[in-house]
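Enquirer: Letter by letter, the chains look like this.
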Amino acid sequence: MATAKKDPKKSPTGTKTGTSAAKAEGAAKKTSEPDDAAARVAVEGFADSIRLGTESSAMFAKAGGLAVVCLAVSAALGASEGDGFKRWSYGYIAAFGVALAITAGSLFWVCLQHLVNAKWSVVVRRIGELFAANMPLLAILALPVVVPVVLGNGVVYEWADKTKVASEEILKHKSGYLNPGFFLVRMLFYFGFWSILARYYLNSSRRQDETGGSEIAPTMTRVSGPAMIAFGLTITFCSIDLFMAVEPRWFSTMFGVYFFASCVLGVHVTLILTLMWLQRRGRLATTITTEHYHDLGKMLFAFVIFWAYIGFSQFMLIWYANLPEETAWFKQRFFGGWGAVSWTLVFGHFVIPFFGLLSRHIKRSKALLAFWCFWMLAMIYIDMYWLVLPAINVEPDVRAMDLLALLGLLSALVAGAAREAGKKNLIPTKDPRLEQSLAFENI
Amino acid sequence: MSDSHEPQASESGPAPLHGLLAEYTTTGDILRASKKVRDAGFSRWDTFTPFPVHGIDRAMGIRMTILPWIVLGAGLTGLGTAILLQWWTNAYDYPWLISGKPLWSIPANVPIMFELTVLIGGVTAFIAMLVLNNLPMPAHPLDQVKRFARATDDRFFLLIEAADPKFDADATRALLDSTRPHAIESILEDRKTSDKLPTGIIYALVIATVASAVPFALAAKARYTKSRSTRIHLIQDMDAQPKYKAQRENPVFADGRSTRVPDPETVAVGELHEDDHFYRGTQNGAFARTFPPTFRVDETAMLRGEQRFGIYCTPCHGFGAEGNGMVAKRAEELAQGTWTPPSNLTDQRIRDMPVGEIFNTITHGIRNMPAYGPQIPTSDRWAIILYLRALERSHAAKIADLAPAERTGL
Numbered sequence: 001m002a003t004a005k006k007d008p009k010k011s012p013t014g015t016k017t018g019t020s021a022a023k024a025e026g027a028a029k030k031t032s033e034p035d036d037a038a039a040r041v042a043v044e045g046f047a048d049s050i051r052l053g054t055e056s057s058a059m060f061a062k063a064g065g066l067a068v069v070c071l072a073v074s075a076a077l078g079a080s081e082g083d084g085f086k087r088w089s090y091g092y093i094a095a096f097g098v099a100l101a102i103t104a105g106s107l108f109w110v111c112l113q114h115l116v117n118a119k120w121s122v123v124v125r126r127i128g129e130l131f132a133a134n135m136p137l138l139a140i141l142a143l144p145v146v147v148p149v150v151l152g153n154g155v156v157y158e159w160a161d162k163t164k165v166a167s168e169e170i171l172k173h174k175s176g177y178l179n180p181g182f183f184l185v186r187m188l189f190y191f192g193f194w195s196i197l198a199r200y201y202l203n204s205s206r207r208q209d210e211t212g213g214s215e216i217a218p219t220m221t222r223v224s225g226p227a228m229i230a231f232g233l234t235i236t237f238c239s240i241d242l243f244m245a246v247e248p249r250w251f252s253t254m255f256g257v258y259f260f261a262s263c264v265l266g267v268h269v270t271l272i273l274t275l276m277w278l279q280r281r282g283r284l285a286t287t288i289t290t291e292h293y294h295d296l297g298k299m300l301f302a303f304v305i306f307w308a309y310i311g312f313s314q315f316m317l318i319w320y321a322n323l324p325e326e327t328a329w330f331k332q333r334f335f336g337g338w339g340a341v342s343w344t345l346v347f348g349h350f351v352i353p354f355f356g357l358l359s360r361h362i363k364r365s366k367a368l369l370a371f372w373c374f375w376m377l378a379m380i381y382i383d384m385y386w387l388v389l390p391a392i393n394v395e396p397d398v399r400a401m402d403l404l405a406l407l408g409l410l411s412a413l414v415a416g417a418a419r420e421a422g423k424k425n426l427i428p429t430k431d432p433r434l435e436q437s438l439a440f441e442n443i
Numbered sequence: 001m002s003d004s005h006e007p008q009a010s011e012s013g014p015a016p017l018h019g020l021l022a023e024y025t026t027t028g029d030i031l032r033a034s035k036k037v038r039d040a041g042f043s044r045w046d047t048f049t050p051f052p053v054h055g056i057d058r059a060m061g062i063r064m065t066i067l068p069w070i071v072l073g074a075g076l077t078g079l080g081t082a083i084l085l086q087w088w089t090n091a092y093d094y095p096w097l098i099s100g101k102p103l104w105s106i107p108a109n110v111p112i113m114f115e116l117t118v119l120i121g122g123v124t125a126f127i128a129m130l131v132l133n134n135l136p137m138p139a140h141p142l143d144q145v146k147r148f149a150r151a152t153d154d155r156f157f158l159l160i161e162a163a164d165p166k167f168d169a170d171a172t173r174a175l176l177d178s179t180r181p182h183a184i185e186s187i188l189e190d191r192k193t194s195d196k197l198p199t200g201i202i203y204a205l206v207i208a209t210v211a212s213a214v215p216f217a218l219a220a221k222a223r224y225t226k227s228r229s230t231r232i233h234l235i236q237d238m239d240a241q242p243k244y245k246a247q248r249e250n251p252v253f254a255d256g257r258s259t260r261v262p263d264p265e266t267v268a269v270g271e272l273h274e275d276d277h278f279y280r281g282t283q284n285g286a287f288a289r290t291f292p293p294t295f296r297v298d299e300t301a302m303l304r305g306e307q308r309f310g311i312y313c314t315p316c317h318g319f320g321a322e323g324n325g326m327v328a329k330r331a332e333e334l335a336q337g338t339w340t341p342p343s344n345l346t347d348q349r350i351r352d353m354p355v356g357e358i359f360n361t362i363t364h365g366i367r368n369m370p371a372y373g374p375q376i377p378t379s380d381r382w383a384i385i386l387y388l389r390a391l392e393r394s395h396a397a398k399i400a401d402l403a404p405a406e407r408t409g410l
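So the sequences go chain by chain: F and A. Sequence positions in the first sequence follow the numbering used here and run 1 to 443. Sequence positions in the second sequence follow the numbering used here and run 1 to 410.
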């Protein structure tokens with residue numbers, strides 16, 4: 001643990017550059033300087049403050065409050081539409097896509113680190129575990145989507161409506177899969193499985209903090225293999241069920257991977273911004289270095305390209321085959337007002353961030369990296385909006401209730417993670433690879 | 001050989017000093033020493049370690065490499081090349097319509113754009129990396145130093161070259177001494193090995209370069225000359241089979257044809273099409289005005305006709321038989337002047353046409369329309385005509401034709 005002992009006199013890094021990060025993650029909070037005595041106490045030889053301490057509950061109250069207010073106002077605006085929450089549901093599903101991308105992405109990311117026995121990421125991993133543990137919360141937040149389907153209300157998912165299904169051959173043909181009962185079973189399975197897996201990883205990791213058991217890390221690695229396969233299948237079908245099923249006449253076997261790209265982007269954006277916020281609050285000040293940001297930035301960059309690769313592959317196959325039942329979906333999105341959104345995605349989600357994140361200097365600059373994280377977060381939302389909303393709106397039409405739903409759901413994730421963080425460690429202090437992670441350097 | 005001869009000539013005096021080599025046993029030592037040498041302002045010096053040592057680039061004050069910019073430039077060159085290549089070949093030099101797509105469109109070109117960006121970027125990264133590192137380097141004075149062999153094992157070395165403007169044999173040795181090395185050794189210039197590429201390798205490279213042009217030269221020659229010999233057939237597959245193909249010469253028959261016609265005055269079993277009405281649509285030499293009695297006019301025939309009409313006729317004539325199918329629309333859009341528009345089958349002219357004549361047209365084709373006789377079985381042709389008659393009828397439908405219940409639905 002020689003390298004783990006940091007020089008306590010070293011001033012915390014990154015208090016200057018992470019301004020923008022703190023604003024979003026902290027939801028415009030202004031707290032006193034992080035001289036919280038409990039948090040400052042050196043834990044197990046760490047000079048760094050590695051616990052959120054009392055700030056956890058303050059953060060939970062603030063973010064949680066914001067979430068409740070935003071979601072309530074959003075729902076009220078939705079009700080005032082007088083269309084049985086039809087328009088509101090679409091906006092909510094798009095926002096839910098972003099929340100699911102971040103949470104499921106975190107779970108995937110944690111599994112991935114164990115699967116490849118990653119050493120650099122050990123100091124970051126607990127943050128991923130905390131966000132993955134939001135899964136039960138997300139299951140509750142999925143209720144506005146799932147309950148109407150189970151009740152046979154087809155305002156959003158037409159296939160939930162029995163009379164509509166009976167009147168259309170395509171829906172009838174797909175009703176073996178797309179029916180309320182099976183949908184409910186699947187949702188229970190997805191969120192149940194993910195919740196258990198996320199809880200398993202967080203609890204194992206914390207047990208390791210306490211006991212330092214040498215058998216815990218290899219066990220987590222063994223679990224990660226099968227878990228990864230199961231994750232690949234569940235995220236594919238879940239994205240199909242929640243987002244592709246909004247337009248049940250269309251289909252694409254690539255849709256799951258496309259959503260998965262958003263998941264991986266979502267988790268890296270979340271990790272980077274959360275770490276910047278924590279460092280601004282004086283936590284993990286010397287534990288997390290530019291090297292860790294650099295690596296997270298590299299992954300973000302890689303998956304900007306991955307998203308474009310998958311998105312384009314999906315488009316090109318449909319464009320080339322030119323079958324009416326497939327092209328209709330793109331036609332709706334490429335002409336009129338949605339055409340502008342499509343071009344925004346091509347440039348904003350790929351071309352611009354590609355060149356923006358290309359340079360090593362940018363990935364090693366906190367301010368610039370934070371800027372691109374916010375940029376990509378916005379793009380993930382526009383992507384989800386572009387996937388879901390054309391089903392109801394012929395022209396793009398952004399309402400306050402859509403944005404409030406997004407803000408509410410993201411705040412709920414922050415609140416959930418803050419509550420889960422509690423007064424416990426923000427890094428796995430007894431992970432056998434911790435030393436390597438602390439000393440990690442890119443060449 | 002002159003290369004190796006020259007050093008031998010000057011071997012009389014002692015070899016000049018190449019530099020000073022310091023040996024260290026830990027990464028911490030080499031890092032500290034590097035910082036000292038860096039701060040002393042040396043420029044021609046280097047370190048050698050058995051594995052990448054974190055922070056050594058900072059300790060040595062190495063500037064950021066320009067390799068990323070070279071690779072970026074190469075990647076963009078690849079991108080541009082791909083765009084130009086595809087535009088030139090597909091849209092300009094040899095326009096070729098593929099599955100109805102525009103001659104030049106970005107989606108079809110993206111895979112090649114991606115591939116060439118990666119290919120040229122990657123190959124350039126590899127070559128530029130070698131060049132920037134002064135590689136390949138056939139010989140270096142350190143090759144002759146015995147202790148230096150441990151640079152690939154467990155020791156760390158620092159070499160300051162005598163060619164450095166700040167180099168001073170005594171002062172530099174004192175500086176290195178102050179870094180507490182395990183050992184210091186003076187390295188002399190190597191007079192045994194040439195630092196030039198071996199001539200054998202140079203010849204091999206020249207020969208390989210020339211040889212690589214041979215296939216292109218042969219291809220170019222083949223383009224502009226004629227030959228009577230058959231093409232080289234590496235993979236035989238099923239190209240050469242012991243049988244006579246249609247249109248080929250056949251020595252077995254007197255007329256030399258492979259394609260045989262039936263003997264005159266003979267009819268194959270099941271091919272005797274005596275019923276003129278059914279098979280040719282004629283009655284007593286005139287086109288029949290009624291459906292043949294052997295063709296059952298019922299709902300099954302009507303549905304069959306609708307399906308066959310949809311398959312064979314709608315591409316040109318359209319679903320309403322008005323001559324506005326997709327092919328017709330597209331042909332009109334292209335406006336090439338060689339297109340005869342398909343008939344509107346709901347015209348009075350076609351309505352008045354005897355069914356036998358329509359049957360004849362389907363069977364043998366007319367104007368642009370090819371003969372469908374070989375494709376559509378006889379009874380299906382009659383079914384199509386039956387469905388067409390229904391279509392024509394529907395075009396002239398009056399409100400009174402509908403049942404009262406149906407009228408309210410309009």
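Derived from the structure by calculation, the hints contain no laboratory data. Fair warning: this is a prediction, and the values are worked out from it, not measured in the lab. Be aware that one or more of the hints could be misleading.
[What the hints assert, rightly or not] Using 30 Å as the maximum straight-line C-alpha spacing, the simulated DSS-like pairs for lysine-lysine come out as follows:
| hint | chain 1 | residue 1 | chain 2 | residue 2 |
| --- | --- | --- | --- | --- |
| 1 | F | Lys298 | F | Lys86 |
| 2 | A | Lys243 | A | Lys226 |
| 3 | A | Lys221 | F | Lys331 |
| 4 | F | Lys119 | F | Lys331 |
| 5 | F | Lys62 | F | Lys331 |
| 6 | F | Lys331 | A | Lys36 |
| 7 | A | Lys35 | F | Lys119 |
| 8 | F | Lys162 | F | Lys172 |
| 9 | F | Lys86 | F | Lys423 |
Enquirer: Compare the structure with each hint and give your call.
Expert: Verification of the hints:
For the hint pairing F:Lys298 with F:Lys86, the CA-to-CA distance comes to about 40 Å; that exceeds 30 Å, so the pair is violated. This hinted pair checks out: A:Lys243 and A:Lys226 have alpha carbons roughly 28 Å apart, not beyond 30 Å. A threshold of 30 Å between alpha carbons decides the hint, and for A:Lys221 with F:Lys331 the separation of about 49 Å lies outside it, so the pair is violated. Between F:Lys119 and F:Lys331 the alpha-carbon distance is near 46 Å, which puts this suggested pair outside the 30 Å criterion.
A hinted pair counts as satisfied when its Cα atoms are at most 30 Å apart, and F:Lys62 with F:Lys331 does not qualify at roughly 43 Å. For the given pair, F:Lys331 sits about 66 Å from A:Lys36 by alpha-carbon distance, which is inconsistent with the 30 Å threshold. With a CA separation close to 28 Å, the supplied pair A:Lys35 and F:Lys119 stays within the 30 Å bound. Between F:Lys162 and F:Lys172, the direct Cα distance comes to roughly 9 Å. Compliance with the 30 Å bound is thereby established for this hinted pair.
A distance of roughly 41 Å separates the Cα atoms of F:Lys86 and F:Lys423; the hinted pair therefore is violated under the 30 Å criterion.
Of the numbered hints stated above, those contradicted by the structure are hints 1, 3, 4, 5, 6 and 9, listed in ascending order.
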